[in-house]
Amino acid sequence: MRGREDDMSLVNGGAVPLRVPEAAAGPAVLVKNLYLSCDPYMRGRMRDFHGSYIPPFKPGSVIEGLGVARVVDPTHPGFVAGDIVSGMTGWEEYSLIDKPEQLNKIQQSDIPLSYHLGLLGMPGFTTYVGFYEICSPKKGEFVFVSAASGAVGQIVGQLAKLHGCYVVGSAGTNEKRKTGCTLNCKCKDCRNPFGAREAGVSNASPGETTPPSSTGTKPDRCHYKVNRCKKAGLLLCEAQGQVHLILQVPRV
Numbered sequence: 138m139r140g141r142e143d144d145m146s147l148v149n150g151g152a153v154p155l156r157v158p159e160a161a162a163g164p165a166v167l168v169k170n171l172y173l174s175c176d177p178y179m180r181g182r183m184r185d186f187h188g189s190y191i192p193p194f195k196p197g198s199v200i201e202g203l204g205v206a207r208v209v210d211p212t213h214p215g216f217v218a219g220d221i222v223s224g225m226t227g228w229e230e231y232s233l234i235d236k237p238e239q240l241n242k243i244q245q246s247d248i249p250l251s252y253h254l255g256l257l258g259m260p261g262f263t264t265y266v267g268f269y270e271i272c273s274p275k276k277g278e279f280v281f282v283s284a285a286s287g288a289v290g291q292i293v294g295q296l297a298k299l300h301g302c303y304v305v306g307s308a309g310t311n312e313k314r315k316t317g318c319t320l321n322c323k324c325k326d327c328r329n330p331f332g333a334r335e336a337g338v339s340n341a342s343p344g345e346t347t348p349p350s351s352t353g354t355k356p357d358r359c360h361y362k363v364n365r366c367k368k369a370g371l372l373l374c375e376a377q378g379q380v381h382l383i384l385q386v387p388r389v
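Numbering (this note's numbering) for the sequence shown: 138 to 389.
Don't take each hint at face value.
[To be verified] Quick list of the computed label-pair ranges, beta carbon to beta carbon:
| id | residue 1 | residue 2 | range |
| --- | --- | --- | --- |
| 1 | Lys-275 | Trp-228 | 19 to 27 Å |
| 2 | Ser-146 | Arg-207 | 22 to 30 Å |
| 3 | Glu-230 | Val-266 | 29 to 37 Å |
| 4 | Glu-270 | Thr-310 | 17 to 25 Å |
[As the list claims (entries may be wrong)] Okay, derived cross-link-like pairs now, DSS-like style, lysine-lysine, Cα gap no bigger than 25 Å in a straight line:
| id | residue 1 | residue 2 |
| --- | --- | --- |
| 5 | Lys-276 | Lys-242 |
| 6 | Lys-195 | Lys-236 |
| 7 | Lys-298 | Lys-276 |
| 8 | Lys-298 | Lys-275 |
To be clear, the hints were calculated from the coordinates, so they are not data collected in a lab.
On a predicted model such as this, the values are computed, not experimentally measured, just so you know.
Think of the CB as a built atom: it goes at the ideal place given N, C-alpha and C, for glycine as much as any other residue.
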């Protein structure tokens, strides 16, 4: 999905006091947003669907997403001004968080705060659980990563290499190959766009394949080759790019 300038609008709300309103229903915190994360799952919230774990966006309301923020004014006893937190916040300069118990405090260190939305955030947790807890790789095993330049894919590739695995990844452009282990599956010089993917998986020794699949992948094109490897494992992670194709939400 490609956005257009007229898909979004910048609304100037005017001057507001930077304090939790006295009329707030309960303990809350006012935060100044420092970093915001634009994630693929947000596409699913851009439709009138209420069967998910997270509700859809409300037209005309501020977009919500994961972010890192600094506490400005708290009325919740668990926070003080200056605390750095991560969690759901608004795409705005300042946000009022009415459920501060859902925020995570960040211990300030020399680690860049933006890392708490990537390696130390949702993509990192997804990668760690999927790779170590589900795939349970062994040193020397073959690991194939589709969408290897994505938020999850690039971390999988790095962890697999550090773990001593043989790693091959795929991506859609030469620019995305900078992850260091990635093939361009759409290269014009490749007669069979998925030839490198199939060759890598087919040449793996039986029982030594653990290929995670992620955001922009086409699992049906890669898993049939994996199935030819005895005791091979196939971990599917979101594949949001394919989910978006079946939503078929008309542009309004």
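Those earlier numbered hints the structure runs against, lowest number first: 1, 4 and 5
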